[in-house]
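Participant: Take each chain as given, in its own frame, and dock them per the hints.
So the sequence lines, in the order shown, correspond to chains A and B. Take 2 as the starting number for the first sequence in the numbering used here and just add one per residue. Take 3 as the starting number for the second sequence in the numbering used here and just add one per residue.
To be clear, the hints were calculated from the coordinates, so they are not data collected in a lab. The reader is advised that the hints may include incorrect statements.
Said to hold, decoys possible - Derived SDA-like pairs (lysine to any residue); straight-line CA-CA distance at most 25 Å:
| hint | chain 1 | residue 1 | chain 2 | residue 2 |
| --- | --- | --- | --- | --- |
| 1 | A | K180 | B | Q364 |
| 2 | B | K166 | B | E178 |
| 3 | B | K142 | B | N130 |
| 4 | A | K180 | B | E399 |
| 5 | B | K427 | B | M417 |
| 6 | B | K38 | A | E188 |
| 7 | A | K94 | B | S158 |
Listed below, chain by chain, are the residues.
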Amino acid sequence: MIHAVDGVSFEIRDGETLGLVGETGCGKSVTARSFIRLVPTPPGVYAGGQVLFWSSDARREGRGPIDLLTIPKDEMLDIRGDRIAMIFQDPGKALNPALSIRNQIAEVFYQHRSEEILHSLGPWAPRLIRRAARQESSGFERFLLTLPPFRSRAEKLREKVDQLVGHALSEVQIANPRKIMESYPHELSGGMKQRVLIAQALACNPDLLIADEPTTALDVTIQARILELIAELQERLETSVLYISHDLSLVKEICDRVAVMYAGRIVETGTTDEVFSNPKHPYTRGLMAAVPSAAHRRGELASIVGNVPELLDPEPSCRFNTRCPYAVEICRTVDPRTIPVGESQSVACFAYESDDTDVVLPRLEAWVS
Amino acid sequence: MGVVTSLRAANKEREPLTAARSVISLRGVEKYFPVKEGTLQRVVGHVRAVDGVSFDVRPGETVGLVGESGCGKTTLGRCISGLTQVTGGRIYFRLSDADAARLDVIEAIAASERTRDQVRELKRIEENHRIDQLEGKAWKTYRRNCQVVFQDSFSSLNPRQLVKDIVGRPLRVWNEASGEELTERVVSLLESVGLRRQHMYRYPHQFSGGQRQRVSIARALALDPEFIVLDEPTSALDVSVQAQILNLLYDLQRERGLTYLFISHDLGVVRLMSDRIAVMYLGKVAEQGTATELFEDPRHPYTEALLAANPDIKAKESGMKGLHGHVPDPASPPEGCRFHTRCPVVTPVCGWEVDDAVAWLQDHEALAEGLAAVERRTNFDATLVFHTEEAAASAVEAFHKGDVPPVMRSALEEMSTDGRKVSIKFSPVPPVELEDIGGGRLTACILHTSRGLRI
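Next up, chain B with everything else stripped away, as it sits in the complex (with noise of 0.2 Å):
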């Protein structure tokens, strides 16, 4: 313990966890990649990876964050850690609530409106807070606070490193222990993940998947932080080592008031390990809410779709259900609500677009072969020209009477054919976004919302 203590000793800047702040804020954070293309690299379009989330992390809580692969997910935890810059939007530390309150005042003000006190407010508040505008001092407190767990032990940890020096390299860098010392403060880091002493002089391919996961794990408690992001920890071991990981996860967690955002594309584990889960859908948050409410009583289809399709061991009766449907681009998502193309429970105003009726149209051969061109005006409002008029003419029955999804039929505004031109129309809709629906839950479908109460 003594260890410990000397520890906490040496990162004073600790406040005490009773304090009214929030770890992790973020405020409409967006990471977009750009797709380039073509010899001169020109960039043609952004893959929207994060598209606008939003949620606070309060101390010594666990944040689970669920979603398909490819959601943005895991781009989110590198944001957040700082291993990568955001496109948009703001991550603050440690911002507390006063703080918070203040900012959102300020931020409602447009710039040019501000008084002079609320811009010099603001600068102080940026500057002590906002991840990407810390410096000097500020930075490093949080830098050693937010530590990273990656998903693969086996590419996060250096192949021609002891185990010594991988776990005592933080201690080292942070100038915190040498010699005799520093060897003494590894042992105590590896027994405390359930490793011992002769383990230190390895190499992490002389481990197995579970241990070299726990040496990841001494390495990110090494600066005895605040924060650390769990990107999948255990998604590449085995159950009876999983179980082990995660139970070690939760002992830490509590000797060391430790908090953390748990990233997983596995419900049950994140079911488990967290007390507030958002669910993840191409970019955005699509639903919010404690552990227990969001599995007993989802409020968005999506998440009603993957409680369905994971399998469950303690089931009584069996049955997975998968999603149908086409996964939208993620360099243009739709519009509207972003899961309509597979949403079991659609309805005409979720935002059908142009992108739905030409993705119907190459799931069938005969009618895809005779489509030349989409001339696009806006996403919900385009011209098609086939071919030949037959091929438009063709098209337009089976609009009419093939087995276009009768939700899609009914959503689109006006058809008209000119020659071997159609052109569609579908109503446009605003952009869906999260709303709170009350106890803290805040969903991002219509049908929970109070957009949908109108309808």
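Okay, chain A solo, but in the shape it has when bound (with noise of 0.2 Å):
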């Protein structure tokens, strides 16, 4: 059994952006996917703990947070896509390439503002019309929809849902949404379907934007772009985001607090500025230590040596002891836990336990940073 994610606790507070970094294959992914269930199981086991998570309606009504992973099938297809959003690493492969962009979009609609459509466009609407604005019409059903006595109904439904379609197009600061709405993915660039994507995931005002990776398949340029407009409709819209990424500087640049993780795990979280101005745990380190910038003389990037160790049923022990520098036979043995070590910044990192124990810890003194 591989641990791909392996006993990670953090918070994501209300309309704050929370960084998780960490190299390739070392569970980002999959943390975010089992936020919304996205893990196919079988073979994904979601062998215990909880993703708590307290949406804005529920705590408008006074209820408590609720489990995402035990919740029924059905709740959790009303959270995806509605309270919870994702925006996907690879825009050319997350958009359906059969679908028009308005047909995507709208499909968020359909499956999640039905009702509100239906009472905008008057007080009652027959079984035909609640039905296709629910889009569970069936054949003969969407024939009966041209018909006279239905199809101005039709129309007006599909005018309301172009409406918004519209206006969530607009919403991402695309020019001229009806003419991107009749495109197909393989027409726009890889910085407009991105933005198609954002629209699509902040259609409805989610609680909690998920972005993996959103723009590393991007030109900088235009991921300078894209990275403005989700902090302006964050920052409209209240939203908070996870952003996961692989890439430190840029998440120095957009988060308010870093989640550092390592094979499964969280080694080191805090404010953004605690932990690029003062980072604790050897990975950390190295990771930070490791990115070129002008400083560095050619030949003398510091790397981490090694690589990312299997996670295939791992011994109780440090994940990054085949890596670390530092290590001690504890890290070998013992799984280390998270200690706090600063205002909200806390490590999970033997060196820094209290010296009152018999066994050998640690030391990072040396460490040259």
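Facilitator: Encoded structure:
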């Protein structure tokens, strides 16, 4: 059994951006996908833990948070795309190539806003239209909708949805949304496709937006614009964002707090300022030193030796011990616990344990950052 | 070391590195891809992936090639390594400075007015150095001395071959080694890139991304080449592994006196690895200079924009700035400055043209619907035909009063309405060429070149 995510705990507060950083294969995406149960089971197993989600609706109505891992499937369907939305890494793959942009975004509204749409069309709607607004029409019903008694209503419904789609597209600063609505994904550039995905994700004004490396496939100049856009929308809509990235410099720019992940575990968390100005965990320090900058001399880039370990039934140990230059005996045999080291910073490393034990603890003083 | 010396001996043609020559010289290199349409696949235009690029790569140095995706940097790398034929221009291999000077003199003379000696001289240089005219031994020397490391190590290594076969293949093809000797050479190559003997009998899929890239590098080194094209060698890797590979590449360069062309979109990586950098935009070089100068004192707005958009982990204050505006269609790039559509410091004489006006119209729903056709006379002069007279009138009004970029409005020379037709005319500008601005720096921005000083 591969322990892709192993005892991860963190919280995302209202309206904040939490950055989840780590190398490929450290479990960032699996963590995020677990939020909305997108990990296929089987083969995956949610072996334990809770994902507590306190939506704005629940808070308004005085209900407590719910555990997303245990709620029934249809409740999960209501939350996905509505209260929690996700932007995927590769906009080319995340959009359906056979659907026009209009139909892709309209799907979100049909799924989550059908009641409101029907309500805005009038006090009463025939069953046929209700089913159409939920995208449940059969082929025969779709034929009926083209006939006179229903046609005008079906057209009104379509117009209303088009209006919502147009609004969603103009929110993400797409000029001339009507033209874009008619096009198919292959006709759009990478940056434009990512905008469409963001429009889709933010269509229902979610409480939490999961952005899984949303700009990795884009050029820097486009990336900067997409990030500006996400930040601006987040401020206006008061959405919390979980921003997953392997790019430390990017996370530094846009996140309020950072969680550094390694081999299925969180090794360090804290506010962006704390973590970047004073990284504690050897892994965090190693990652930061490996980013090329003007200060580096050629050939003297600090690198972390070795590779991410395989997570096949791991023994209790610090997962970083195979690559850590300061590892001692205890690192190989005991799971480290999370120790608070600053105002809001905490780290899972034995070097920050207090000295009043008999075991030899690793010493980090010699580390040259 | 014994192996390395024997390799050097095998590669006899090699001259001392101090010889005054370039490894690769580009002279106006062009590579066009046809755009085909219809049932008969008629060619309707060309995508100008590389459109007139010239620079030299000197022995022992690393030249960085940086730009956004689609700017033609990979295509240029493929042209240089002989993987694809150029459409126009010339690429020379190991051209001595004396020959280069002679070549410049001869090329300046029209073909019909060259003396017989000059023609003979030109023929000699081209047969010995121009890569698309090399034959026999010269061609072989070029091939073995110019290797490539590709971006995606998964698709560039044959999944059905063992690492021993992959790395040993060039040696076998060149009859350099066989049997026991081949195995030993492969081992020493693997060791030089940080892998070990036991990795020899594994398949590519059994390695991590970083290790696969090491195998790619070992293969490129097998024939002890002089020049390696590194096409985004680390863009698929994590930072910690990227650091390992970059250090390895630098160590190898020092040990073996390699010359690199380093292609990347990552500014931090290019800055670290390169001595000189060429910034490409839409098939042309926008700016060229040494790494430090280019980063500390950029002389082209595109370079500035790239730097501003690049997140920096060491920067004190935050803030990334993106670029607004349309990316032009590479099949019909702007005639003037190619960057003017997105340039933050654009002037009216940067080459505004009909396409810009049409793109602006299409961004406005109401105006775009009224537009029926564009009758183009030149890139700077066209008639816009609208469906109705009202649509034409409202478009004209929008041009005068609406949110048209003020620079575009002042670039608009003439605008006249005739019923449903609106003629627009911009002042034509000549193409912007790369110009030397002293100190070995070249830029294609009129704000920094002599043409800009005249306005």
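Participant: K38 of chain B and E188 of chain A were given as a pair; does the straight-line alpha-carbon distance stay at or below 25 Å?
Facilitator: Holds: K38 of chain B and E188 of chain A sit about 17 Å apart, inside 25 Å.
Participant: Please work out if K94 of chain A and S158 of chain B have their alpha carbons no farther apart than 25 Å.
Facilitator: holds (22 Å)
Participant: Please work out if K180 of chain A and E399 of chain B have their alpha carbons no farther apart than 25 Å.
Facilitator: The given pair, whose Cα atoms are some 22 Å apart, holds under the 25 Å limit.
Participant: Holds or violated: K180 of chain A with Q364 of chain B, Cα cutoff 25 Å?
Facilitator: holds (8 Å)
Participant: Going straight from one Cα to the other, do K427 of chain B and M417 of chain B come out at no more than 25 Å?
Facilitator: Answer holds: K427 of chain B to M417 of chain B is near 7 Å, not above 25 Å.
Participant: Would you mind confirming whether the straight-line C-alpha gap from K142 of chain B to N130 of chain B stays at or under 25 Å?
Facilitator: Roughly 12 Å between the alpha carbons, so the hint for K142 of chain B and N130 of chain B holds.
Participant: Quickly compare the C-alpha distance for K166 of chain B and E178 of chain B to 25 Å and report which way the hint goes.
Facilitator: holds (15 Å)
Figure legend: structure checked against the earlier numbered hints; every hint is met.
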